[in-house]
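With the hints as extra help, turn the sequences into a complete structure.
Just so you know, the sequences run in chain order A and B.
Position 65 of the first sequence, counted from 1, bears residue number 64 in numbering that gives the first Met the number 0, the numbering being contiguous throughout.
Position 88 of the second sequence, counted from 1, bears residue number 87 in numbering that gives the first Met the number 0, the numbering being contiguous throughout.
Derived by calculation from the structure, the hints in this document are not laboratory data.
Treat the hints loosely; a few may be bogus.
Heads up, the list lumps identical chains together, so a pair's fine if it works in one copy or across two of them.
[Said to hold, decoys possible] Lysine to aspartate or glutamate pairs mimicking DMTMM-like chemistry, simulated, CA-CA at most 25 Å apart: (1) K1 with E239; (2) K30 with D243; (3) K1 with E204; (4) K44 with E122; (5) K1 with E164.
Protein chains: 2
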Amino acid sequence: MKKLINAPEDVVPDTLRGLAAAHPDLRVDIKNGFVARADAIRLGKVGLVSGGGSGHEPLHAGFVGYGMLDAACPGDVFTSPVPDQIVAATRAADGGHGVLHIVKNYTGDVLNFRMAAELADDEDIAVSSVVVDDDVAVEDSTHTAGRRGTGATVFVEKIAGALAEEGAGLESCAAAATDVNERSASFGVALRAGTVPTAGRPGFELADDEIELGVGIHGEPGRRRGAMGTAKEIVATAMEAIHDAKPLDGRLLVMVNGMGGTPLSELYIVYAEVADWCARHGVTISRNLIGNYVTSLDMTGCSITVCRLTEDLMRLWDAPVRTPALRWGR
Amino acid sequence: MKKLINAPEDVVPDTLRGLAAAHPDLRVDIKNGFVARADAIRLGKVGLVSGGGSGHEPLHAGFVGYGMLDAACPGDVFTSPVPDQIVAATRAADGGHGVLHIVKNYTGDVLNFRMAAELADDEDIAVSSVVVDDDVAVEDSTHTAGRRGTGATVFVEKIAGALAEEGAGLESCAAAATDVNERSASFGVALRAGTVPTAGRPGFELADDEIELGVGIHGEPGRRRGAMGTAKEIVATAMEAIHDAKPLDGRLLVMVNGMGGTPLSELYIVYAEVADWCARHGVTISRNLIGNYVTSLDMTGCSITVCRLTEDLMRLWDAPVRTPALRWGR
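Written out as structure tokens, the structure is:
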């Protein structure tokens, strides 16, 4: 294993150290395990908190900032954050109008966020939780009961974040987050597994001509292993799986997301095929996002996430955002 | 070789097809081999054109847009664009106040941009050229006489682009570009080579415990092969090489750039060490950029580029930019 790290056990704190050095508008509390906006608690605004295992950067800490998350708590690599971290992040995000927890559907995350919500309730912080479960590849995987939460998390965080910034209340933000999740679907493909630093070798093995169709962001098995195909063939498999689960119509927001080790040129090639597929199926892509947003360490491969937009969701997607990983409009 | 592509020979046109589908504010002319701003020629503004071999995405086409390049011409993978492409891009960027060519110092690029400048001159388009040669690792490599041009290209394109947007004349833009190049220095490290699609196998081989120190963005040999070290050790080697060539002082702009296959978390770990190194050496990082900007296909590794800022250069760096790969302030 060759990685640009100091020691396998220091990967998370060293990443946070870099984040703190690079972004003075973030408050990085390594001791208590969270990252928050440095402009502190905004009274009267609903706070947004997310988190989960590390290894998916820029998710989640890279989405902390104006118009998106107020705080994020990174666990160890592929390990849920503990309730104490989540409570600390919740306190840091609470401006007196409640806090929305955005939770990817993995058993550990769901349990620990639930426990944290109860602890926050003891401190009279109102918490509402939304569980993201957009990955249509499989039901009940190695890490989850039900569908896994992946790329739609970015959409949920962005859109609920914009709504909170506009002054919406906790239940409105939660309803929008739920709506975005229900309107979204994802499908991922791995060409090569990522390597957990403390494990030192790839999480699974694929033959030279083999890919994992429907892979999870921790390397969980997908629907099946298949032969390496063209970008066009891989996109057809992914888009058909998405369309079968949640029929596509109207105007779409599409993310082509790299798994960490995939060059941008390949993501654009995939996007070209997604655009072709949509044109052939009579659906319009109104907004897009192409790059590394929900990664799996150095896995090569990509995921495609689609959300059926409404007028209102498009407006919230377009609203200004200023975070390390997503920035426009200011 | 497993890549998300359709066919090795289609990688460049398919990438451009994706770029066109994703970014309606770009005019992607696949036939003539250039990408330009769709808002067309802006009369009275100096035009900025860059280009070079493909395989370094988002460089250069990802930097076309408001506040940066007016046009870019991508060659085949690791192959210079031909003069006809460069002339077409130059025409597309010419608003009657001349065009600045920003050329990375590789023999083919320099020759072809020079020939294109002569052809443009025949059409009464005034062209000024700046050659970027910031890579301090080696003199006279396999692709270059003198130093190679790498990460500073991003700084030159951004800062000269901001100046052109302010209405500066051709010679002012060229002078600023030259100044930024002279104030900048880069050093790259490879952990694993990238694979040219038509070659189908990595460009060079490194042992499991070996890295290439001072590697070029086409996989050119660096100063030496060394043992895999910690991020702290690798950063020390890179920063000392940079500091030896161009002593660091004052306030710096620092880019930690991924080579294409390196996860963002590792780039942040590297940035943490760069920040530590600078703090120990009494220099201040005033601005930073962390991510994949000048890649080498799916190479793993990173490069560090440093520019000694002036007050004016910092203002131009901060000015609004709106391109696929760099966007802030609007």
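Review point. Given a CA cutoff of 25 Å, do K1 and E164 count as a within-copy pair, a between-copy pair, both, or neither?
Key: neither (42 Å within a copy, 43 Å between copies)
Practice item. With 25 Å as the alpha-carbon cut-off, assign the pair K1 and E204 to within, between, both or neither. Key: both (17 Å within a copy, 14 Å between copies)
Point to revise | Within, between, both or neither, where K30 and D243 count as close if Cα-Cα is 25 Å or less | key: This pair counts as neither: shortest intra-copy Cα distance 45 Å, inter-copy 37 Å.
Review point. Should K44 paired with E122 be assigned to within, between, both, or neither, using CA atoms and 25 Å as the limit?
Key: within (18 Å within a copy, 59 Å between copies)
Exercise for review: At 25 Å max between alpha carbons, let me know whether K1 reaches E239 within a copy, between copies, both or neither.
Suggested key: between (37 Å within a copy, 22 Å between copies)
This entry does not satisfy hints 2 and 5, going by the numbered hints stated previously.
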